[in-house]
Amino acid sequence: MSENARQDSSEQAEFRHYCRQWLASHKPEEPSVRLPLSPLEIMTEEQLSYLQGWQRSAYDAGLVGCDYPVAVGGGGRTDCQRIANDEMIAARTPFMPNVIGLGMAAPTVFHHAQEALKERLLPRLFSGEDIWCQGFSEPGAGSDLASVQTFAERKGDKWIINGHKVWTSLAHFAEWMILLLRTDRSHKYDGLSYFVVPIRAALGQGVTVQPLIKITGETGFNEVIFENLEVDDGYRLDELGKGWQVAMTTLLHERGAGELQTPRSGGMKSKATHSTNTANLIELARVTSRNGKPAADDPLIRDRIMQLVIREAGLGQNQRRARVSALQDHPARLLLQNKLLASEIAQAIGATAMEVEGASASLYLGDDNAPAGGQWPMAYMNSYGMTIAAGTSEVQRNILGERVLGLAKSK
Amino acid sequence: MTQPDNFGFGEEAALLKDSARKFFADNFTTDKLHRMVASDHRPERISACAWDRDLWQQMVKLGWASLAVPESAGGLAMPLAAVAGLAEELGRAAFPCPLLGSLNATYVLSACGSDGEAALTEIAEGLTATLAITNAEGSWGLADTGVDSTGGRLNGTAYFVQDARKVDRLLVSARTTKGLSLYWVATDAAGVTITPDAIVDLTRDQAHVIFENVQAQAVSNNGVAALSDAMPAIWTLLAADITGAAEWQLQATVEYAGTRQQFEHSLGFFQAVKHPLVDVMIQIDQCKSLVYNAACAFDTQPQRAAEFAHMAKGSASECAAFASSRSVQSHGGIGFTWECFIHLYFKRQKHSQLLWGDAAWHRAQLANIIIGTAA
Chain A
1 MSENARQDSS EQAEFRHYCR QWLASHKPEE PSVRLPLSPL EIMTEEQLSY
51 LQGWQRSAYD AGLVGCDYPV AVGGGGRTDC QRIANDEMIA ARTPFMPNVI
101 GLGMAAPTVF HHAQEALKER LLPRLFSGED IWCQGFSEPG AGSDLASVQT
151 FAERKGDKWI INGHKVWTSL AHFAEWMILL LRTDRSHKYD GLSYFVVPIR
201 AALGQGVTVQ PLIKITGETG FNEVIFENLE VDDGYRLDEL GKGWQVAMTT
251 LLHERGAGEL QTPRSGGMKS KATHSTNTAN LIELARVTSR NGKPAADDPL
301 IRDRIMQLVI REAGLGQNQR RARVSALQDH PARLLLQNKL LASEIAQAIG
351 ATAMEVEGAS ASLYLGDDNA PAGGQWPMAY MNSYGMTIAA GTSEVQRNIL
401 GERVLGLAKS K
Chain B
1 MTQPDNFGFG EEAALLKDSA RKFFADNFTT DKLHRMVASD HRPERISACA
51 WDRDLWQQMV KLGWASLAVP ESAGGLAMPL AAVAGLAEEL GRAAFPCPLL
101 GSLNATYVLS ACGSDGEAAL TEIAEGLTAT LAITNAEGSW GLADTGVDST
151 GGRLNGTAYF VQDARKVDRL LVSARTTKGL SLYWVATDAA GVTITPDAIV
201 DLTRDQAHVI FENVQAQAVS NNGVAALSDA MPAIWTLLAA DITGAAEWQL
251 QATVEYAGTR QQFEHSLGFF QAVKHPLVDV MIQIDQCKSL VYNAACAFDT
301 QPQRAAEFAH MAKGSASECA AFASSRSVQS HGGIGFTWEC FIHLYFKRQK
351 HSQLLWGDAA WHRAQLANII IGTAA
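Here the protein sequences line up with chains A and B, keeping their order.
Heads up: the first sequence runs through residues 1 to 411, numbered per this note's numbering.
Heads up: the second sequence runs through residues 1 to 375, numbered per this note's numbering.
The following block holds chain A by itself, in its conformation from the complex (with noise of 0.2 Å):
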């Protein structure tokens, strides 16, 4: 990390000393329960106290919402949020399990609350008390947004809510829940409210969170039914048919191209845990026989690696580019490509993984032969939620052709 510690200006420097130094004595110890590969497979109250714990303490230290005011709970700090990223990281700390919360619901409420509701939401939402899910997706609006008909029906000051939103991680743990809804059905787009919404204090009332069953086995996500739930009008986020442009700031972040940086932290090294990367590919492959030697011996395998490698390498070295503003020709260009890459690089390193185990890749979690207990398998199947939700990669592409290439929209 000191190759960005030069760059830090004065007040940066400072922080990431303070930063190096609180990590130093206050990283988590190992948890005694089985981390899932992310905060969005969190099964068990086990895992969540677990790391809802860690988030708290780097809360309390003054590493998470570096970067917003103090107003609002935040740090008041400029451009510090990545530093602590980068510490938290260096040090291998555990993942933060508000995950949604600090990437996508705080930007917006952040955004396009009223102060009093945001004074009220980001402290506990920042340190982790309250875990927040996103209601966008329905079963009839994925790629195609827009179309969501979940609905809010006026009453007084306030809105009574149907619908069904789909695919809603966390929501089994979540106290708030970022809502795109329809006020107007005659205008696709300007016919949409966003809001925020206590879900967890309306279960069993207006309010059903069933668990969905991912492709891996694992859940994690979930289904959420709305039956005359009442909403009070103080939870909606702008105007009235300005849901559009609020998801668009949620959009943005959840795509990693947002200003504001979400807090990250990660990289604890356990036996349970385990990154989809080249530099576990290679091992993998050094540990795999393949006709009496190493499968990192074999040519073909040694460049499906490279490939990988140079993939890997790339998204990493434009994701330092992206703050170079010398070289770079359109400010979204290279942060639109985040997300898309990350989870297409992913994907092909999980599918490259399998070929490398032979047969023994149909060995699973379940299986002691299992080479690295399974998990290989089970990252691939992962991969295609992360190439999926968020934007497909077909409507990334469509939203790179279209706003930085300049090309007619697609249907």
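Note that these hints are calculated values from the structure, not bench results.
If you're wondering where the values come from, they're calculated on a predicted model, not measured in any experiment.
Please note: incorrect hints may appear among the correct ones.
[Said to hold, decoys possible] As a list, the in silico EDC-like pairs of lysine to aspartate or glutamate whose alpha-carbon atoms are at most 20 Å apart:
{"id": "1", "chain 1": "B", "residue 1": "22", "chain 2": "A", "residue 2": "329"}
{"id": "2", "chain 1": "A", "residue 1": "409", "chain 2": "B", "residue 2": "255"}
{"id": "3", "chain 1": "A", "residue 1": "155", "chain 2": "A", "residue 2": "239"}
{"id": "4", "chain 1": "B", "residue 1": "350", "chain 2": "B", "residue 2": "339"}
[Unchecked claim] Just some of the chain A residues that point at chain B, by a computed CB distance under 8 Å:
{"id": "5", "residue": "333"}
{"id": "6", "residue": "397"}
{"id": "7", "residue": "400"}
{"id": "8", "residue": "407"}
Think of the CB as a built atom: it goes at the ideal place given N, C-alpha and C, for glycine as much as any other residue.
Keeping the supplied structure of chain A fixed, place chain B upon it in accordance with the hints.
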């Protein structure tokens, strides 16, 4: 050592890149390039070596040919990150000239110690050069020369010599009894015969150079070491040239896809056209990011320079192939003609793709560094 966050691409580098872009835009349109190099379409044509010497002299006056020459030899000693910016703009303009050859020679001579100093001074004074280090097979192994040196005399043939007819000097590698030595030879020296190759690319010339009892002074007796030090810069600069040319291909194709109408829509409306063009953009960006990373490593982190340069040229060769393929295909029928400018860049890129190692060769070298040599 580690790298600075901004690739060492500072204000001076940005200024150089911007002024190069403006220089080519003002002085050398693609239309002018086409008139200059594409007058003879016959497949049997002999390469004409058409280029704009006056414009090249202006570039020399601007100091671009001696950018990388150390200050001790009278040059500007700019970092490779800055030089790569110029190479990117050169590729975008596809300007035929001996800039890359002279830069390549500069990096090799700079790795030759004090024996290279006199030759570097010549480059600083405006003489041009190119590398003559490849054998008939086109092997990229650094010791694989087609020239022998006995008693200070060179005999044999160097192949695939880039822009040989545009330059004043050749940097020749030759086998000696002790290994590989490097020589600095005037193109008009007695016993040197430059025989042009008839090549596909219209924006370059290429030749094989025959040496018959050519008397020459060695600039290095440890040629493999000097070449090893310099090759990361050479790969990186060609990758930068490819990046700029690919961006031209992308922009030209996007413009066409925005205007050409079929089935009541512009071509870009159709995802079968749109998505591959996005993938071209993605490859360009990957390549460009890896180029500046490799350049910065050459400047500040030499122990990783080769590794990162293999990534850059490995990525660039794929990018050159893909951007070229999509540029012709997306243009449809007109893209298949001599009159459409697309073919100039298509041919330049196919040449660049294979020069100094194709993608698979660079990946094989990269694997040796990252995984280790296979048993």
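Going down the list of hints, with the structure as the test:
1. B/22 to A/329: holds (14 Å)
2. A/409 to B/255: holds (15 Å)
3. A/155 to A/239: holds (17 Å)
4. B/350 to B/339: holds (19 Å)
5. 333: Result: holds, 7 Å to nearest chain B Cβ.
6. 397: holds (5 Å)
7. 400: holds (5 Å)
8. 407: Holds. Min distance 3 Å.
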